[in-house]
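Student: What follows is each chain in one-letter form.
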Amino acid sequence: MDLLDSSVVLYLMMGAGVAVAVYVADRSGSAAERGFRVVTSTAFWPLYVPILFRPAEQTLAATYEADPRDNMAIAIAQVDGELQAALSSLGGWAEGVLTREKDRLGELRSAWTAQAQRVREMDRLLAMPENKIRLVAEAGNQRAAHSEQARQRNLERVQKLRTRAYDDLMATLAWVRELVSMIHLAKFTGAPASRAEDLVAQIAAAVEGLSEVSWQDEPVTEGACMSLSPRLQ
Amino acid sequence: MTPTMSVLDVIEIPEFEPRLPVADEQSVLGLAELLLKERDRADELLLDESRQVDLIPRFLVLSVVSYTAYALAMVLLLNAAPQEATPTVLAAGWSAGLKPALGLWLAYAFGLIAAIGICLPSFYFYGLLAGVKTSFLQIVTQCLKGSSSTAIMLIGVLPIYVAVALGILIFAAPLRVQELVLNLGLMLPFMAGLWGCYSIFRGFMKLADTLPPKRRERREFFMRQLTLACAACYTAVTPLMIYAIWVRFTE
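Quick note, the sequences are listed as chains A and B, same order.
Note that my numbering numbers the first sequence so that position 122 is 122, with each residue one more than the last.
Add 1000 to a position in the second sequence, counting from 1, and you land on the number used in my numbering.
Just to be clear, a hint being listed does not mean it is correct.
[Unchecked claim] Reference listing, derived: stretches of chain A covered by chain B, where coverage requires no fewer than 3 residues with Cβ under 8 Å from a Cβ of chain B: (1) 35-41; (2) 45-51; (3) 109-123.
[Claimed, not checked] Across the chosen pairs, the derived CB separations fall in these ranges: (4) L1240/B x E107/A: 34 to 44 Å; (5) I1118/B x D123/A: 34 to 44 Å; (6) R157/A x I1118/B: 50 to 60 Å; (7) A1091/B x L4/A: 20 to 30 Å; (8) V1157/B x I74/A: 33 to 43 Å; (9) P1174/B x A16/A: 46 to 56 Å; (10) I1160/B x T163/A: 54 to 64 Å; (11) T163/A x I1118/B: 47 to 57 Å; (12) K160/A x G1030/B: 34 to 44 Å; (13) S1027/B x L3/A: 40 to 50 Å.
In short, the hints are calculated from the structure, not lab data.
Predicted model, so just to flag it, every value in this text is computed and none were measured.
Glycine residues also receive a C-beta, built at the ideal position from the N, C-alpha and C atoms.
Build the full structure now, drawing on both the sequences and the hints.
Tutor: This is the structure:
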């Protein structure tokens, strides 16, 4: 057995190991899909190893997002499709603005996806069983009761943030749809190219309509102070 | 609250052309459609970390099926050609049997994809050198997207090539011409690979969005050079891989 033969044997042995790991780690899909994954992971195992070694939180996220076609994803795909169709209809009429706003328009879908992801993460957090459990403080333990109340208030605030982020996303999508319809209208009524440029610029600026709530926007509550430094009380 | 505005007076509603259906990103064929028609969307899809695990087997399906179809076409053409027209690189091991046919399929279907595995650490290292925020998994997905783009282009070019090659064989062109055409056929995946390189280049440039704006312009130039280095690395490894598998299988 020469060097090449022993390399092939070693390669296939590693492939078999990776195939078993792939099979155990991911049992989603039909039998044919699983079979394909196992066979290809034996032959092309270097391509599958990064899947097995991806960070745990990414695996968790993938589990939660097994069905990314929620109403936000569907709405984003719908509006993006309409927008692309409208923009492609601008060819020969208002191409200048497309060139100028190319980058911002490109960022639009990413911004929507990021916002939808943010909403999903907040949903996930709020749906965690531990966040639904209220600790009952012993009688007289004021500090514990106070912390629990502050915790509940913070969770309510996360809920409000989630609602706001979701509403902002949906409002922005609706607004872009409205602008898209205006582009069609302007085109067919023979409006000047400057009108289209104005509309496209507004669409590109829609990315700024999505809310970005930073920690500075949230007032530090008494409860938060307590939980951060209980010894100072 | 997002403002609304009106631009023009309402007039009679014109008839719009129906929109083309959006490609189904969940299916293999939808993915092929995206790579052909909506490359920007395909690039964005690859940035979504939750989709990468799902995309790898789908890209592999595209590549394996396409390279298999290519190998099958080449086997048929090589069998149809006279023995004297067999390309020099295959001449020693080629015959009308099953073993050379399997060898050719294995060399291309396996070699073209497995070469990515060999080049992966270099690609990842290049990405880090360019300062791009990326993961190993993302590099794998980008490379497989390049391979799938190559595969799709190959499938697109293959019917034209087969038609031309069959014409040359049927009309008994000079042996030298037949050999030249068959040699060209063996190089077809590398020509289609230029499209794959461009696809990888686009993907890497999209990753440049992760850089701070001030550094982006300077780094983009560097990334162009690194993509060239990636392409050179893959182009050097792949023929060796294909040849080694072919020789090993047919000897």
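Student: Name the hints, by number, that the structure is in violation of.
Tutor: Result: no hint breaks.
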